[in-house]
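Protein chains in written order, with the numbering used here: chain Y, 462 to 870; chain R, 462 to 870.
It cannot be assumed that every hint is accurate.
[As the list claims (entries may be wrong)] Here are the in silico distance ranges between beta carbons for each label pair:
#1 Y:Lys-663 / R:Gly-708: 38 to 46 Å
#2 R:Lys-628 / Y:Ala-680: 28 to 36 Å
#3 Y:Val-649 / R:Phe-554: 30 to 38 Å
#4 R:Gly-708 / Y:Gln-494: 47 to 55 Å
#5 R:Arg-567 / Y:Ala-680: 24 to 32 Å
#6 Y:Tyr-714 / R:Thr-728: 43 to 51 Å
#7 R:Glu-641 / Y:Lys-628: 45 to 53 Å
#8 Y:Pro-817 / R:Glu-691: 20 to 28 Å
#9 Y:Lys-628 / R:Gly-665: 54 to 62 Å
#10 Y:Leu-634 / R:Ser-560: 19 to 27 Å
#11 Y:Phe-668 / R:Gly-775: 27 to 35 Å
[Claimed, not checked] Each computed BS3-like pair below joins lysine-lysine, with the alpha-carbon atoms no more than 25 Å apart:
#12 R:Lys-725 / R:Lys-700
#13 Y:Lys-517 / R:Lys-700
#14 R:Lys-778 / Y:Lys-822
#15 Y:Lys-856 / R:Lys-625
#16 R:Lys-778 / Y:Lys-804
#17 R:Lys-628 / R:Lys-556
Because the hints were derived from the structure by calculation, they are not lab data. All values reported here derive from a predicted model rather than from experimental measurement. Glycine is no exception: its CB is placed at the ideal position from the N, C-alpha and C atoms.
There are 2 protein chains.
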Amino acid sequence: MYDHAEILTIGAELLKGSTLNTNAQFLGRELTQLGFRVVAQTSCGDAIPEIAARLKDALNRSTVIVLTGGLGPTPDDLTREAVASYFQVPLVFSKEQFSNIRKYYRRHAKPAKRLIPELVRKEALYPENAVPLINRFGIALGFYLRQGRQWIFVLPGVPAELEKMFKQNIVRLLKKNFAELSAKPHLVVKMVGLSEPEIMTKLGRDFFDPPFEFGIYPAPGEVAIRIHAEKQSVIRQLKQKIKRRLGSSVYAYEEISLAEAIGKILTAKKQSLAAAESCTGGKLSAEITHVPGASLYFKGGITVYSNEWKENLGVPKHLIQAKGAVSPEVAWLLAEKVRLYAKSTYGLGVTGIAGPSGGSKRKPVGLVYISVAGPKHSKGGQHLFWGDREQVRTKAVKKALEYLWREIR
Amino acid sequence: MYDHAEILTIGAELLKGSTLNTNAQFLGRELTQLGFRVVAQTSCGDAIPEIAARLKDALNRSTVIVLTGGLGPTPDDLTREAVASYFQVPLVFSKEQFSNIRKYYRRHAKPAKRLIPELVRKEALYPENAVPLINRFGIALGFYLRQGRQWIFVLPGVPAELEKMFKQNIVRLLKKNFAELSAKPHLVVKMVGLSEPEIMTKLGRDFFDPPFEFGIYPAPGEVAIRIHAEKQSVIRQLKQKIKRRLGSSVYAYEEISLAEAIGKILTAKKQSLAAAESCTGGKLSAEITHVPGASLYFKGGITVYSNEWKENLGVPKHLIQAKGAVSPEVAWLLAEKVRLYAKSTYGLGVTGIAGPSGGSKRKPVGLVYISVAGPKHSKGGQHLFWGDREQVRTKAVKKALEYLWREIR
Numbered sequence: 462m463y464d465h466a467e468i469l470t471i472g473a474e475l476l477k478g479s480t481l482n483t484n485a486q487f488l489g490r491e492l493t494q495l496g497f498r499v500v501a502q503t504s505c506g507d508a509i510p511e512i513a514a515r516l517k518d519a520l521n522r523s524t525v526i527v528l529t530g531g532l533g534p535t536p537d538d539l540t541r542e543a544v545a546s547y548f549q550v551p552l553v554f555s556k557e558q559f560s561n562i563r564k565y566y567r568r569h570a571k572p573a574k575r576l577i578p579e580l581v582r583k584e585a586l587y588p589e590n591a592v593p594l595i596n597r598f599g600i601a602l603g604f605y606l607r608q609g610r611q612w613i614f615v616l617p618g619v620p621a622e623l624e625k626m627f628k629q630n631i632v633r634l635l636k637k638n639f640a641e642l643s644a645k646p647h648l649v650v651k652m653v654g655l656s657e658p659e660i661m662t663k664l665g666r667d668f669f670d671p672p673f674e675f676g677i678y679p680a681p682g683e684v685a686i687r688i689h690a691e692k693q694s695v696i697r698q699l700k701q702k703i704k705r706r707l708g709s710s711v712y713a714y715e716e717i718s719l720a721e722a723i724g725k726i727l728t729a730k731k732q733s734l735a736a737a738e739s740c741t742g743g744k745l746s747a748e749i750t751h752v753p754g755a756s757l758y759f760k761g762g763i764t765v766y767s768n769e770w771k772e773n774l775g776v777p778k779h780l781i782q783a784k785g786a787v788s789p790e791v792a793w794l795l796a797e798k799v800r801l802y803a804k805s806t807y808g809l810g811v812t813g814i815a816g817p818s819g820g821s822k823r824k825p826v827g828l829v830y831i832s833v834a835g836p837k838h839s840k841g842g843q844h845l846f847w848g849d850r851e852q853v854r855t856k857a858v859k860k861a862l863e864y865l866w867r868e869i870r
Numbered sequence: 462m463y464d465h466a467e468i469l470t471i472g473a474e475l476l477k478g479s480t481l482n483t484n485a486q487f488l489g490r491e492l493t494q495l496g497f498r499v500v501a502q503t504s505c506g507d508a509i510p511e512i513a514a515r516l517k518d519a520l521n522r523s524t525v526i527v528l529t530g531g532l533g534p535t536p537d538d539l540t541r542e543a544v545a546s547y548f549q550v551p552l553v554f555s556k557e558q559f560s561n562i563r564k565y566y567r568r569h570a571k572p573a574k575r576l577i578p579e580l581v582r583k584e585a586l587y588p589e590n591a592v593p594l595i596n597r598f599g600i601a602l603g604f605y606l607r608q609g610r611q612w613i614f615v616l617p618g619v620p621a622e623l624e625k626m627f628k629q630n631i632v633r634l635l636k637k638n639f640a641e642l643s644a645k646p647h648l649v650v651k652m653v654g655l656s657e658p659e660i661m662t663k664l665g666r667d668f669f670d671p672p673f674e675f676g677i678y679p680a681p682g683e684v685a686i687r688i689h690a691e692k693q694s695v696i697r698q699l700k701q702k703i704k705r706r707l708g709s710s711v712y713a714y715e716e717i718s719l720a721e722a723i724g725k726i727l728t729a730k731k732q733s734l735a736a737a738e739s740c741t742g743g744k745l746s747a748e749i750t751h752v753p754g755a756s757l758y759f760k761g762g763i764t765v766y767s768n769e770w771k772e773n774l775g776v777p778k779h780l781i782q783a784k785g786a787v788s789p790e791v792a793w794l795l796a797e798k799v800r801l802y803a804k805s806t807y808g809l810g811v812t813g814i815a816g817p818s819g820g821s822k823r824k825p826v827g828l829v830y831i832s833v834a835g836p837k838h839s840k841g842g843q844h845l846f847w848g849d850r851e852q853v854r855t856k857a858v859k860k861a862l863e864y865l866w867r868e869i870r
């Protein structure tokens, strides 16, 4: 049996789409990892009756409720007031948080601004029936309440503050009080090169018998599977089946990206990489360097966005004229030449038409040539990606990394 | 008076945090722009009773409800079934969508895979009381229902499909049926270089008198203001005030990115650009080339991720040794040298420490030097950005574009 958890994110900026709700994702992932079944996530506006109504709904469904947002200093921030009003208790003042606020202003503000605005006193308030959660990363106090087996956590909406407070305070509290949950066995499988229906077909119907909790999550160019089961032995058996049926497409059995998986292999083998990209325009390099420590194996990348830059790298002008800048020959030479230039073990080359314009009947928008050059040989292929400019670019990046991964694994 | 709208996003991947809910942001922004007041956004799991219960809640609150997700081919996709069950009607089959699916398979799949899996037939089903919305960008049929003044739209969860279907079908339907909302005059102001409190101080209290609907939305490195008012004359007056008080930081009075604003100026002036970046690792180039038509002015970019690459571009080895790879001198030379290499009007240089490791007391994580070189002079500066690796990189990219924009505007 699971305990239900839910997430309540508060603020007009979420409803109006001004802010992307990364807090909901962070909390969903954390609560799931702790072993809770997250049953709902709700965003509502900064109004006391709305917040109180959503809190009431949540208390009817869930054991653990995390509220974020609406703890700021301005009059439209009303989450403290809403929780206090729901429980019909007054707000009280945390001297400890206020001394933190004072320190914060001393450290961060320009001298002229070191006086704490009256408005900000509010940030140290919490409902009388709650336990304050000191915020050392910002100025808004958090707090939590316990009602029998139910827990309500109220945290600031600034993502960095929320994440640090959750990891440093809430995880410990929940692990201690829901010890039986944390232990639930699970399995993550991250794959490239297969679509969702292909994966389902390869797994086959018998895979799902006897039943267990299964989720399949497609993202551009890759698919993840996440499985939870009651026993570790079930997880072990499922992993064996997955290895046999999907193994050649699995790049990780953990929550890492393809670029991270590649980074691990290149670091372990002491090999290096360089990239020359046209239509992806820097996204391939950016994806590679998103991984901390990428400088250990990634020497550099060139966005060859003009024919001049392609020629400077060593792609002959006559070849571009004869075959076109979007051709398998150019992709191949980009990979070869950037590898030579960088003196790296591998070189990646990408050229294509990201759109929305620039396509033709023979070379439509979405056409991308990818090549990987290594110490022994080069490999490459032609792809026709579906979607708008950014989707074509994203899929081309993922496919280029897939080519590389198949070479080095 | 506003009409209330709300968003119902369906899928365990959202609750578990496997997927970031970009659809909620997209829909929130679109519905707000159409003039609706978005009062709630809810995510729930793929279960018929849950979806039906959330739909019932929404129908008690809102005039327009948009559901997305759970229209896929696998057995855990249950949104069609849930809506049909809520209205107690059967599902019927859309021949038109199925012929689209057939075309889709013919065009995209490898010859061996052109047979349509039985599973996929489900994607052409819709509740009998609904109007089908043909999906030309994917295989899942959408649909909508009308109940008096209330509208329910059900769209696929794949962001590209959702966005295209919303823009091509739903916007038109809503504009026609809620004409009084859409006409509402509004103003968008996009700014760089000022924080939210700085903007509020510069606007002053008198700006808000008499009252109107005002939203201020900070994003990494920039802030947007969105204003709605009853009369166009009010909007005109507010725009004049904003020009006087904030004008030097406004890069656009429309919904475009800073990179797009830069692209417009460079295209009009027939000037060109190149970039050499270290810590941003390709993200600066990627942001520039995200703009369609960037090849008109962007010659190329180099991710100088190793000292070797910096030296190859023309930064002297002894200078890197003396000053460090993260120094104002290196940023300046990156900008100058890439400008010379590209023979472009402008060159951008970025070097810094994105973290999480690599920082020191003198050069902490988040320290970034940025330089822009032009035909007349170079400008640059030192910045200390707060946040994790990706936040530091994103802020550095935005700041580099800000330097360039201030040079060329």
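Now for the hints, and whether the structure bears them out:
no.	hint	in the structure
1	Y:Lys-663 / R:Gly-708: 38 to 46 Å	violated, 60 Å
2	R:Lys-628 / Y:Ala-680: 28 to 36 Å	violated, 22 Å
3	Y:Val-649 / R:Phe-554: 30 to 38 Å	holds, 37 Å
4	R:Gly-708 / Y:Gln-494: 47 to 55 Å	holds, 48 Å
5	R:Arg-567 / Y:Ala-680: 24 to 32 Å	holds, 25 Å
6	Y:Tyr-714 / R:Thr-728: 43 to 51 Å	holds, 48 Å
7	R:Glu-641 / Y:Lys-628: 45 to 53 Å	holds, 48 Å
8	Y:Pro-817 / R:Glu-691: 20 to 28 Å	violated, 37 Å
9	Y:Lys-628 / R:Gly-665: 54 to 62 Å	violated, 40 Å
10	Y:Leu-634 / R:Ser-560: 19 to 27 Å	violated, 56 Å
11	Y:Phe-668 / R:Gly-775: 27 to 35 Å	violated, 57 Å
12	R:Lys-725 / R:Lys-700	holds, 21 Å
13	Y:Lys-517 / R:Lys-700	violated, 42 Å
14	R:Lys-778 / Y:Lys-822	violated, 49 Å
15	Y:Lys-856 / R:Lys-625	holds, 18 Å
16	R:Lys-778 / Y:Lys-804	holds, 18 Å
17	R:Lys-628 / R:Lys-556	holds, 23 Å
Of the numbered hints stated above, those contradicted by the structure are hints 1, 2, 8, 9, 10, 11, 13, 14, listed in ascending order.
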